[in-house]
Amino acid sequence: MSIATTYRKTHDPRIRALKITKTVLMYLVLSALSIVFLIPFCWMLATSLTEAGNIRSSAGIPFIPHPFAWGNYKEALTVLPFLTFLKNTLTITGLCIIGQTLSASLVAFGFSRMRFPGREFLFILVLSTMMLPAQVTMIPTFVLFVKLRWIDTLKPLIVPAFFGGGAFFIFLLRQFFLTIPSELEDAARIDGCSPLGIYRNVALPLSKPALATVAIFSFMAHWNDFMGPLIYTQSMEKKTLALGLYSFKGLHGTEYHLMMAAAIAVLFPVLIIFFSAQKYFVQGIVMSGIKG
Amino acid sequence: MKKQKMTNRQRTEALQGFAFISPWMIGFVCFALGPVIFSLCLSFCKWDILTPIQFVGMKNYAKMVQDPLVGKSLVNTLYYAAFAIPLGMCGALGTALLLNQKLKAMRLFRTLFYVPSVTSGVATFLLWSFIFNPEMGLMNRALSHKVPWIELVNGIAIKYIPFIANPPKWLADPTWAMPALIIMSLWGVGGGMLIYLAGLQGIPEELYEAALLDGANPIQKFWYVTIPMLSPTIFFNLIMSIIGSFQVFGAAFVMTGGAPANSTLFYVLYLFQNAMMYFRMGYASAMAWLLFIIILSLTLIQLRLSKKWVHYQ
Chain A
1 MSIATTYRKT
11 HDPRIRALKI
21 TKTVLMYLVL
31 SALSIVFLIP
41 FCWMLATSLT
51 EAGNIRSSAG
61 IPFIPHPFAW
71 GNYKEALTVL
81 PFLTFLKNTL
91 TITGLCIIGQ
101 TLSASLVAFG
111 FSRMRFPGRE
121 FLFILVLSTM
131 MLPAQVTMIP
141 TFVLFVKLRW
151 IDTLKPLIVP
161 AFFGGGAFFI
171 FLLRQFFLTI
181 PSELEDAARI
191 DGCSPLGIYR
201 NVALPLSKPA
211 LATVAIFSFM
221 AHWNDFMGPL
231 IYTQSMEKKT
241 LALGLYSFKG
251 LHGTEYHLMM
261 AAAIAVLFPV
271 LIIFFSAQKY
281 FVQGIVMSGI
291 KG
Chain B
293 MKKQKMTNRQ
303 RTEALQGFAF
313 ISPWMIGFVC
323 FALGPVIFSL
333 CLSFCKWDIL
343 TPIQFVGMKN
353 YAKMVQDPLV
363 GKSLVNTLYY
373 AAFAIPLGMC
383 GALGTALLLN
393 QKLKAMRLFR
403 TLFYVPSVTS
413 GVATFLLWSF
423 IFNPEMGLMN
433 RALSHKVPWI
443 ELVNGIAIKY
453 IPFIANPPKW
463 LADPTWAMPA
473 LIIMSLWGVG
483 GGMLIYLAGL
493 QGIPEELYEA
503 ALLDGANPIQ
513 KFWYVTIPML
523 SPTIFFNLIM
533 SIIGSFQVFG
543 AAFVMTGGAP
553 ANSTLFYVLY
563 LFQNAMMYFR
573 MGYASAMAWL
583 LFIIILSLTL
593 IQLRLSKKWV
603 HYQ
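If you read the protein sequences in the order shown, they are chains A and B. Numbering follows the numbering used here, in which position 7 of the first sequence is assigned residue number 7; successive positions increment by one, without gaps. Numbering follows the numbering used here, in which position 202 of the second sequence is assigned residue number 494; successive positions increment by one, without gaps.
Treat each hint with caution, since some may be false.
Said to hold, decoys possible - Calculated pairs, DMTMM-like style, for lysine to aspartate or glutamate (alpha carbon to alpha carbon, straight line, at most 25 Å):
| no. | chain 1 | residue 1 | chain 2 | residue 2 |
| --- | --- | --- | --- | --- |
| 1 | A | LYS155 | B | ASP340 |
| 2 | A | LYS19 | B | ASP465 |
| 3 | A | LYS22 | B | ASP506 |
| 4 | B | LYS396 | A | ASP12 |
| 5 | A | LYS19 | B | GLU497 |
| 6 | A | LYS249 | B | ASP465 |
| 7 | A | LYS22 | B | GLU501 |
| 8 | A | LYS249 | B | GLU427 |
| 9 | B | LYS394 | A | GLU255 |
| 10 | A | LYS22 | B | GLU498 |
| 11 | B | LYS461 | B | GLU427 |
| 12 | A | LYS249 | A | GLU75 |
| 13 | A | LYS147 | B | GLU427 |
| 14 | B | LYS461 | A | GLU255 |
Said to hold, decoys possible - Some, not all, of what chain B presents toward chain A, calculated at C-beta under 10 Å:
| no. | residue |
| --- | --- |
| 15 | GLU305 |
| 16 | ILE313 |
| 17 | LEU332 |
| 18 | ILE341 |
| 19 | LEU366 |
| 20 | LEU395 |
| 21 | PHE422 |
| 22 | MET573 |
Hints listed in this document are in silico derivations from the structure and should not be mistaken for laboratory results. Everything numeric in this text was worked out from a predicted model, so none of it was measured. Beta carbons: idealized from backbone N, C-alpha and C, even for Gly.
In isolation and in its complexed conformation, chain A is listed as follows (with noise of 0.2 Å):
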């Protein structure tokens, strides 16, 4: 029906059919890429769920597990401290969306809204740290956390979050701070308001899906990071749900029923996460203004 009414209009009907065949063959395609797109996650849903011996014996593509072994979760789960794991990685990833999110947005309103000397340069440097290799500063600030005592706890993952929050996000928040009308700076600034004052009742709350922009992508990227975690902890109670997962894989690499399941436990509430914010991944892309 809804393809009936698209093409009401058009009346030849060799023009109608040739539409419809095209739409046909659109969704066909893209379904056809979907399920290529999909079928790595369901792999792994259904080897998460499949009982242990049967992984290696069942012929063909196995989709759909007999019995359900639900079980799987609970003991991947639970051969090492997961619980643990997702409490630093609460802590972390909370604590980091706190940080890069305030930080960010101070340093990106004094870029856009206030007016001091190199001003221009000093911007300039943040986009220039853009473009430098994390494996350039990655010795140094291993020394600066080891000289600081700082290895094997979780204050070298969260505490830099604090201090300004990444360019990328400066830059993102600086380019929405720009669009807010100066007509309501102005005001603010007559009734008496300080640029703290401004900050906080003008600037964020006009900003909300750019400030959600940001606590997402900085939800996804410290949720997952790796790298970070495996230079600086080395205790199991210090770890991390990915470096956790990388030591499941060392302990237990050959047990894929349960390798997947403690997989899917993690990958859990990303997906959940950008389900319910997809929008905010799109706006994000079209904010920091990266198009034609």
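Given chain A, put chain B in place with the hints provided.
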């Protein structure tokens, strides 16, 4: 007197401005500028953190030239980049073009194609090392799946034979480990796709209408309208892909550790091994600077070349 007052106000605003950006300034000095200077100095030194730093001049750089693993890891990285970048860019552009049509379920498809790129991390590396498992993995099960085969030897007989009898052992085979990682990277084209989509939606409809009036066919519209209008986006994606493929670490570290026979020893993986496993801080710093120089020169070359093909409005 009025002028004096303005200056005061400006001074206050400047101070407040600096206060706002002070978190970044502290962070810049501690986590960017300081480390950059220290790293540059370290690259001319020998240091294992425990014993005092020793100045060795250009020795680290001289050693890199002779180190066969530096060469090997660079070749590996270039091999990966040479396939993953063009394939990934075409894949991302292709899916973006497909998704830029007006269909009801577009939002759903867009989401589905993008999902793999948000789940990047150890979980997906584990998933793919299972997919590439020679016996149990999805890839080889699909490749060796029995398909009907018509034989015309003695009359017509239908036999079921494996699609590919001896599929590669992927991550366990030095020849196929890198192609496996390239295939895996294509799963994540959704990120680039989304950027292309944003670019495609910024192309004014009038241009297509004008092209249509001039009698352009769909292929001409693609070459003479879409591609030039999209060229800044293509350029952005190209630069990002170059930087990304020179910094591959997690996938190789988790899935192969550089094996088999160093066939997946990426440059950054070897750098990491030198720094965090052998504690050759000076040598690893020198490697980091070489990487920086490579990335910077590739970017500058692209920037220069871009003047020939990137159209800014």
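Tested hints:
Between A:LYS155 and B:ASP340 the alpha-carbon distance is near 23 Å, which keeps this suggested pair within the 25 Å criterion. This hinted pair does not check out: A:LYS19 and B:ASP465 have alpha carbons roughly 48 Å apart, beyond 25 Å. Distance check on the hinted pair: A:LYS22 and B:ASP506 sit about 23 Å apart at the alpha-carbon level, within 25 Å; holds. Of the supplied pair hints, the one linking B:LYS396 and A:ASP12 holds, its CA atoms being roughly 23 Å apart against a limit of 25 Å.
Proximity of A:LYS19 to B:GLU497 is assessed by CA-CA distance (about 19 Å); at most 25 Å being required, the pair is judged to hold. Between A:LYS249 and B:ASP465, the direct Cα distance comes to roughly 20 Å. Compliance with the 25 Å bound is thereby established for this hinted pair. Restraint check: the Cα-Cα separation between A:LYS22 and B:GLU501 comes to about 20 Å, which is no more than 25 Å; the hinted pair holds. For the suggested pair A:LYS249 and B:GLU427, the alpha carbons sit about 18 Å apart, so the restraint of at most 25 Å is met.
The suggested pairing of B:LYS394 with A:GLU255 is violated, with an alpha-carbon distance near 45 Å, which exceeds 25 Å. A threshold of 25 Å between alpha carbons decides the hint, and for A:LYS22 with B:GLU498 the separation of about 23 Å falls inside it, so the pair holds. Of the pairs offered as hints, the one joining B:LYS461 and B:GLU427 holds, with about 8 Å between alpha carbons and a cut-off of 25 Å not exceeded. Among the hinted pairs, A:LYS249 with A:GLU75 is consistent with the structure: their alpha-carbon atoms are about 15 Å apart, no more than 25 Å.
At roughly 48 Å between alpha-carbon atoms, A:LYS147 and B:GLU427 are farther apart than 25 Å, so this suggested pair is violated. Among the hinted pairs, B:LYS461 with A:GLU255 is consistent with the structure: their alpha-carbon atoms are about 19 Å apart, no more than 25 Å. With a least beta-carbon distance of about 6 Å to chain A, the hint placing B:GLU305 at the interface is held under the 10 Å criterion. Satisfaction of the interface hint for B:ILE313 is found here, the shortest Cβ-Cβ separation to chain A being roughly 4 Å, below the 10 Å cut-off.
Residue-level restraint check for B:LEU332 holds (minimum Cβ-Cβ distance to chain A is 9 Å; threshold 10 Å). Because the beta carbon of B:ILE341 sits about 7 Å from the nearest beta carbon in chain A, less than 10 Å, this interface hint is met. A cut of 10 Å between beta carbons decides the hint on B:LEU366: the least distance to chain A is about 14 Å, and the hint is violated. Because the smallest distance between the Cβ of B:LEU395 and any Cβ of chain A comes to about 6 Å, under 10 Å, the interface hint for this residue holds.
Taken as an interface hint, B:PHE422 checks out: its beta carbon lies about 5 Å from the nearest beta carbon of chain A, inside 10 Å. Checking B:MET573 against chain A by beta carbon gives a least distance of about 5 Å; that is within 10 Å, so the hint holds.
Figure legend: structure checked against the earlier numbered hints; hints not met, in rising order: 2, 9, 13 and 19.
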